[in-house]
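J.: As a plain string of letters, each chain reads:
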Amino acid sequence: MMVPVRCFTCGTVVGEHWEEFDERANEGEEDPKEVLDELGVERYCCRRMLVSHTDLVDVVSPYQ
Amino acid sequence: MTEEYDVEFVEREDREARFLVRGVTPAFANGIRRAMIADVPTMAIDTVRFVENSSVMFDEQLALRLGLVPLTTPPVGEFVEDDTVTLSIDVEGPATAYSGNLVSSDSLVQPADENVPIIDLKDGQRLEAEAEVVLDRGKNHAKHQGGVAVGYRHLQRVEVVGDVPEFEEPDERIVRGVIEDDGELVPTSEFDHDLTNRYPDQEVAIEDVPNAFVFHVETDGSFTVEELVTRAAETIEARATELEEAVQL
Amino acid sequence: MELRVTESSENELSIEIAGEDHTFMNVLKGTLLEHDDVSAATYDVNPEQSGGQTEPILTIKTEGGVDPLNALEEAAVDVGEKAVAFRNAFEAAA
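Residue numbers (the numbering used here), protein chains in the order written: chain F, 1 to 64; chain Y, 1001 to 1249; chain X, 2001 to 2094.
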């Protein structure tokens, strides 16, 4: 639904990087690896939080 | 018995640091590490009163998201465990409610990050809520955990013991952490964690330096690394004093 | 922090320290073992057949006629000093 606020494993706040990551790596053409490195999301536990996330708010909102 | 500790910073930023401590026992190093994770109190939202929530997520889900937002924690002594601060949020769609939209009743307690999306609001949806912030420890809930990814490794001493025989294929030698080379501290990231990059064609011996630990500490933004470490030491000190008094009785 | 002595003799003491976990107990045990007159020190956070007891029980054995309770008190002082020394060393570097 919405991006998790923190990494499940280590507790780092990852939510704040979602919009930039989405814009550059998912919508844009940039390499996710490089975007994550630039955002300072270093560990793989935090990286998977962003890489594997899908926003579902737009999908569920018509059924409210 | 007085201990001789020696602390030296290797890398240092506001929220992330690496420092070397010499003369510390493994038991004490672990005590400090555990205290940083679970025993240093931080502020976090604990109770939320929803005035209006017509978003696509349930009240409980939003309350959890709000709870996980890191808040700046005031200096020691400003708050005790039962004091509360109220934060309020009021956002109307179409818009996204961010952690930065939280308005605090106390300037000492503010969202540490402003850009955490709380909920996406569509046309006509609205989120209005009041939240109570409490001071608590990481032991009770992960949202109160001020230190993230706190750990330590032995400092490793690297010594050149000879040359690699001329026709031998050198194997990579992966080391992580910080090495000590002739008294100089070098983070392994400087040579891509591979000793053959730093000592090409040389045979090296690695050993752990006894009682020297390199801590890696990150905070969630509640306070600086310095504050986290000092407060962790203080919690241990406080418990030692408490035990001393309890034994005397 | 509530203390409850579960077993006590001249040179041996078992004491329950309520509300603590490995964070403090291991530091305390390590410090006790540095003491010259302590021959053994250990702790157990969930003793067998304790009926769900989870408070740690610290056991100290001493030699040379030293009261284990005094050894515990000295160790507590030492832990406090260590924490202060560590904090001072850290603040000096920071």
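In short, the hints are calculated from the structure, not lab data.
All figures in this text were calculated on a predicted structure; none of them were measured in a lab.
You may find that some hints are simply not true.
Below, simulated DSBU-like cross-link-like pairs (lysine-lysine); rule was C-alpha separation at most 35 Å, straight line [what the hints assert, rightly or not]: (1) Y/K1139 <-> X/K2061; (2) Y/K1122 <-> F/K33; (3) F/K33 <-> Y/K1139; (4) X/K2061 <-> X/K2029; (5) Y/K1122 <-> X/K2029.
J.: Of the numbered hints stated earlier in the document, which are not met by this structure?
T.: The structure breaks only hint 5.
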